[in-house]
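Engineer: In case you want the letters, here they are:
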Amino acid sequence: MQRNFIGLFEIQNIFKEQKYMAEIHSRILGKVDVTNKPVITFESRILGFEEYSEFYLLDMDDDSTFQILQSKDNKDICFILIDPFTIFGDYSPNIHDDDIKRLEIKEPSELLLLTIVTIPNDDYSTMTANLLGPLVFNIKTNKAMQCVVQDDKYTTRHLILTAQS
Amino acid sequence: MLVLSRKINQSIIIGDDIEIMLVDIRGDQIKLGINAPKSVKIFRKEVYEDIENQNMAATKSDIDKLSVLKNYVNKNKQADK
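One line per chain: the protein sequences are A and B, in this order. Taking the numbering used here, the leading residue of the first sequence gets 1, the next gets one more, and so forth. Taking the numbering used here, the leading residue of the second sequence gets 1, the next gets one more, and so forth.
Incorrect hints may appear among the rest.
Stated by the list, open to error - With a cut-off of at most 20 Å between alpha-carbon atoms, the simulated DMTMM-like pairs for lysine to aspartate or glutamate come out as follows:
no.: 1; chain 1: B; residue 1: Lys60; chain 2: A; residue 2: Asp73
no.: 2; chain 1: A; residue 1: Lys37; chain 2: A; residue 2: Glu110
no.: 3; chain 1: B; residue 1: Lys60; chain 2: A; residue 2: Asp122
no.: 4; chain 1: B; residue 1: Lys60; chain 2: A; residue 2: Asp76
no.: 5; chain 1: B; residue 1: Lys45; chain 2: A; residue 2: Glu107
no.: 6; chain 1: B; residue 1: Lys60; chain 2: A; residue 2: Glu50
no.: 7; chain 1: B; residue 1: Lys31; chain 2: A; residue 2: Asp152
no.: 8; chain 1: B; residue 1: Lys41; chain 2: A; residue 2: Asp123
no.: 9; chain 1: B; residue 1: Lys41; chain 2: A; residue 2: Glu43
no.: 10; chain 1: A; residue 1: Lys31; chain 2: A; residue 2: Glu54
no.: 11; chain 1: A; residue 1: Lys153; chain 2: B; residue 2: Glu49
no.: 12; chain 1: B; residue 1: Lys60; chain 2: A; residue 2: Asp123
no.: 13; chain 1: A; residue 1: Lys153; chain 2: B; residue 2: Asp50
no.: 14; chain 1: B; residue 1: Lys41; chain 2: A; residue 2: Asp90
no.: 15; chain 1: B; residue 1: Lys31; chain 2: A; residue 2: Asp151
no.: 16; chain 1: B; residue 1: Lys38; chain 2: A; residue 2: Glu104
no.: 17; chain 1: A; residue 1: Lys153; chain 2: B; residue 2: Asp28
no.: 18; chain 1: B; residue 1: Lys41; chain 2: A; residue 2: Asp99
Honestly, the hints are just simulated from the structure, not real lab data.
Build the full structure now, drawing on both the sequences and the hints.
Structural biologist: Here it is in structure tokens:
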């Protein structure tokens, strides 16, 4: 009986020493440590990617200009995001009330809006931001969705480098 | 899909509070008037298709040069100030 008791104690020590680390693979960032990073759930899916609802929002190095939205389950599903308000000074998207309700956003401080960047043909000088279908996050609950804005003046392809702030 | 014919100024009612009226016909284009509560989203179908296509193109973006272009973006912003 004493031997059994000691065995159990050793097992407990093993669990204490072992650090739990979560790691995923990203097409763009390679191996990423996502320990303690919240999973963001897109209950209403990103259009065209209906199978994928769980993502991580990752930073690129120390730079905050761009962020990466990386699928938890598929390393190739990876979006480059940019804060549109820093580039397009006039951007004032009309987000539908239903979307705000669906995301359970109660105050402006809970809302984060980022837009998807496309780099066509690897030519960064023509990279564009999708201002018609921005991603809206509730940073309190980590729920998100791709919203379609109710304005005729925005398109899915606004040039980033020629925009005036 | 339910298919109906309408003449100009005739309407269709959907559910309790959505009305669609044929307002005008010119050649191969028709103009529709829609009365619906603000809570109902209304979009041209191409908008969804456009966003879906753009999302797909975005996942093909490569980032070999991302470290270079982020400098460019910052410079641009400073130049405007």
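Engineer: If a hint holds in the structure, say so; if it does not, say that too.
Structural biologist: A quick look at each hint next to the structure:
1. Lys60/B / Asp73/A: Measuring from Cα to Cα gives roughly 17 Å; hence the hint holds.
2. Lys37/A / Glu110/A: At roughly 17 Å apart (the allowed maximum being 20 Å), glutamate 110/A and lysine 37/A satisfy the hint.
3. Lys60/B / Asp122/A: This hinted pair holds, its Cα atoms lying about 9 Å apart.
4. Lys60/B / Asp76/A: holds, 9 Å
5. Lys45/B / Glu107/A: violated, 31 Å
6. Lys60/B / Glu50/A: Holds, at about 17 Å.
7. Lys31/B / Asp152/A: holds, 17 Å
8. Lys41/B / Asp123/A: This hinted pair is violated, its Cα atoms lying about 35 Å apart.
9. Lys41/B / Glu43/A: Satisfied, since the Cα-Cα distance of roughly 18 Å is no more than 20 Å.
10. Lys31/A / Glu54/A: holds, 17 Å
11. Lys153/A / Glu49/B: holds, 17 Å
12. Lys60/B / Asp123/A: holds, 12 Å
13. Lys153/A / Asp50/B: Measuring from Cα to Cα gives roughly 15 Å; hence the hint holds.
14. Lys41/B / Asp90/A: violated, 24 Å
15. Lys31/B / Asp151/A: This hinted pair holds, its Cα atoms lying about 19 Å apart.
16. Lys38/B / Glu104/A: Holds. Lysine 38/B to glutamate 104/A sits at ~18 Å (cutoff 20 Å).
17. Lys153/A / Asp28/B: The given pair, whose Cα atoms are some 25 Å apart, is violated under the 20 Å limit.
18. Lys41/B / Asp99/A: Satisfied, since the Cα-Cα distance of roughly 10 Å is no more than 20 Å.
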